[in-house]
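Asks: Residue-level listing of the chains:
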Amino acid sequence: MPATDEETVVPYVITDACLDVMDRTCVAQCPVDCIQEGERMLYIDPDGCIDCGACEPVCPQEAIHLAAALPAELQHFEAVNAQFHTATDYGPAGPGRAAGVDHPVVAALPRR
Amino acid sequence: MPHVAVVGAGPSGLFATAELRRRRPDVPVDVLDRLPTPFGLVRYGVAPDHHRIKSVTATLAAVFADERVRFLGNVGLGSDVTVAELRRSYDAVVVATGSGAARDLGIPGEGLPGSITAADLVAWYNGHPDAVPVLSWPRPATVAVVGAGNVALDVARVLLKSGTGLDDTDIPDPVRAGLDAHPVHAVHVVARRGHHDVRFSLGELLAFDDLPGVVPVVDPAGLTDDPPPGHAARARHAVFRRWAENSPGPGDRVLRFHVHRSPVAVLGSTRVTGIRLADPTTGTASVLDVDAVVRAIGYRGTPIPGLPFDPERATVPHESGRVEPGLYVTGWLKRGPSGVIGTNKACAVESVGSLLDDLDDLPAAAPSAREALTAAHEVVDWAGWTRIDRAEIALGRRHGRARTKITDTAELLAHARH
Chain A
0 MPATDEETVV
10 PYVITDACLD
20 VMDRTCVAQC
30 PVDCIQEGER
40 MLYIDPDGCI
50 DCGACEPVCP
60 QEAIHLAAAL
70 PAELQHFEAV
80 NAQFHTATDY
90 GPAGPGRAAG
100 VDHPVVAALP
110 RR
Chain B
0 MPHVAVVGAG
10 PSGLFATAEL
20 RRRRPDVPVD
30 VLDRLPTPFG
40 LVRYGVAPDH
50 HRIKSVTATL
60 AAVFADERVR
70 FLGNVGLGSD
80 VTVAELRRSY
90 DAVVVATGSG
100 AARDLGIPGE
110 GLPGSITAAD
120 LVAWYNGHPD
130 AVPVLSWPRP
140 ATVAVVGAGN
150 VALDVARVLL
160 KSGTGLDDTD
170 IPDPVRAGLD
180 AHPVHAVHVV
190 ARRGHHDVRF
200 SLGELLAFDD
210 LPGVVPVVDP
220 AGLTDDPPPG
230 HAARARHAVF
240 RRWAENSPGP
250 GDRVLRFHVH
260 RSPVAVLGST
270 RVTGIRLADP
280 TTGTASVLDV
290 DAVVRAIGYR
300 GTPIPGLPFD
310 PERATVPHES
320 GRVEPGLYVT
330 GWLKRGPSGV
340 IGTNKACAVE
350 SVGSLLDDLD
360 DLPAAAPSAR
370 EALTAAHEVV
380 DWAGWTRIDR
390 AEIALGRRHG
400 RARTKITDTA
410 ELLAHARH
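Chains A and B supply the protein sequences, listed in that same order. If you read the first sequence in numbering that gives the first Met the number 0, its first letter stands for residue 0, the second for the next number, and so on. If you read the second sequence in numbering that gives the first Met the number 0, its first letter stands for residue 0, the second for the next number, and so on.
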């Protein structure tokens, strides 16, 4: 049983409903600038995310989910978001990472 | 060089300051707050166990790394300076003082002992310098929390965790002892809104699944089979349906949701003994026996001399944040008490955009008036807050905690001095 809030509060995850749309309304809402841009979709840095939830309701694509409530078919996006921020294959991590790359799972998705 | 005053060092004021820095790094900004401490509702409103959300303070504090941004704490709008004085002294003024007053239910019995506002309870458990103890019930208590938003859930969670369950937080020792001295064995959350319209966020609801010894229960009446639109609302609906199946055993503490129920009277002669609810559609009444009622139905802005005020919306009328050229509002005072912390960032971007559209055409303020304005007050600057910050961290460390808040204004000021 989790004892602290640190463990029970789960960050948010952007899923493939963002793919090839990238509305970016969420970027302006994020108080800690933890949403980064790939070439075809946006990603949330789970270490930067403070769980405020500002991004989730503003996405016109409903692409943003609470990780704890991800539908089964979208669960792999939790790792996709996290890996985009930590893996150096996509350029230097952190704010200002150059757009133009995507997580390989995302890059392999068909164009919409 | 124009000079801007931002009144209120909460998230809205500091998002506005950050946006001013980003767009006009040459313009100095003074951030005033009536308290000796920055961060407003992040420090005194966000629940103490929401560590991740509270970590936004690191982002908010970053504006003070620039020497052109000054913190002028312990300077109250209305008590120490007026809007008129600020307008004479600064080229532009942004007011971000929020909505401090609690909304009332407007029902009989609301004033009975044992009937309190979430605003007062939240301020107390967060160690606000102006707060007083508000828990008064015989033990162990059943408490009704009226409200359909996350403040109601914060209150329910904090009461059910009690002081011991908040051991890893920054709450002051008297608050921890006060919560432990007033144990709660059941909380009824009462919402006028229906299941599809409640404002509880999914993450806040799911936190109750992890609360040891607490069983969340939903009255299945009124819980429809049709899921609402929107994936977050659908997921919330699924949580309610799951909780409708829960049956607490003896010894379990219960969090019971009564949705689509209007409170019509707080009952009791010398103190609260119950609350009467009515189905807003059929009028059918029911009574919950409770020892206390906490109303968490929102906040209201209060009029500020020198600013127009819309009593209906309890906000300051504005156009894209502009009250008139030279005077701006942002945050809850501008749009009412809604949204989460991040919502205030986009709100501040809009208001600062209006300010910067005007700034170069505004009449210049008198710098001498600016310095005279604060000369008569004991101002807590950023270095002073840093000393308070260090003292709180040291206080917490004695008991293995990251921080323990200091609540007494005189003590805060003493730490700020040296």
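A couple of the hints might just be wrong.
[What the hints assert, rightly or not] Far from chain A, by Cβ distances over 12 Å, these chain B residues were calculated:
{"id": "1", "residue": "Asp-103"}
{"id": "2", "residue": "Asp-208"}
{"id": "3", "residue": "Val-339"}
{"id": "4", "residue": "Ala-345"}
{"id": "5", "residue": "Ile-392"}
[Unchecked claim] Computed from the model, here is a short list of chain A residues facing chain B with C-beta under 10 Å:
{"id": "6", "residue": "Asp-19"}
{"id": "7", "residue": "Val-20"}
{"id": "8", "residue": "Met-21"}
{"id": "9", "residue": "Thr-24"}
{"id": "10", "residue": "Gln-28"}
{"id": "11", "residue": "Asp-32"}
{"id": "12", "residue": "Asp-50"}
{"id": "13", "residue": "Pro-70"}
{"id": "14", "residue": "Ala-71"}
{"id": "15", "residue": "Ala-86"}
{"id": "16", "residue": "Gly-99"}
{"id": "17", "residue": "Asp-101"}
[Claimed, not checked] Listed next, with one range per pair, are the computed distances between beta-carbon atoms:
{"id": "18", "chain 1": "A", "residue 1": "Gln-74", "chain 2": "B", "residue 2": "Arg-270", "range": "49 to 55 Å"}
{"id": "19", "chain 1": "A", "residue 1": "Pro-59", "chain 2": "B", "residue 2": "Ala-393", "range": "55 to 61 Å"}
{"id": "20", "chain 1": "B", "residue 1": "Ser-337", "chain 2": "A", "residue 2": "Leu-108", "range": "33 to 39 Å"}
{"id": "21", "chain 1": "B", "residue 1": "Ala-220", "chain 2": "A", "residue 2": "Gln-74", "range": "30 to 36 Å"}
{"id": "22", "chain 1": "B", "residue 1": "Asp-129", "chain 2": "A", "residue 2": "Thr-24", "range": "47 to 53 Å"}
{"id": "23", "chain 1": "A", "residue 1": "Ala-78", "chain 2": "B", "residue 2": "Val-253", "range": "46 to 52 Å"}
{"id": "24", "chain 1": "B", "residue 1": "Pro-302", "chain 2": "A", "residue 2": "Thr-24", "range": "45 to 51 Å"}
{"id": "25", "chain 1": "A", "residue 1": "Gln-74", "chain 2": "B", "residue 2": "Asp-196", "range": "27 to 33 Å"}
{"id": "26", "chain 1": "B", "residue 1": "Val-131", "chain 2": "A", "residue 2": "Leu-108", "range": "27 to 33 Å"}
{"id": "27", "chain 1": "B", "residue 1": "Ala-176", "chain 2": "A", "residue 2": "Ala-106", "range": "52 to 58 Å"}
{"id": "28", "chain 1": "B", "residue 1": "Ala-176", "chain 2": "A", "residue 2": "Glu-38", "range": "41 to 47 Å"}
{"id": "29", "chain 1": "B", "residue 1": "Asp-380", "chain 2": "A", "residue 2": "Ala-78", "range": "55 to 61 Å"}
Keep in mind the hints are simulated off the structure, nothing from the lab. Where a beta carbon is used, it is the ideal one built from N, C-alpha and C, also for glycine.
Asks: Quick one: which hint numbers does this structure break? Sort them smallest to largest.
Replies: 2, 3, 4, 6, 7, 8, 14, 15, 16, 17, 19, 22, 23, 24, 26, 28, 29
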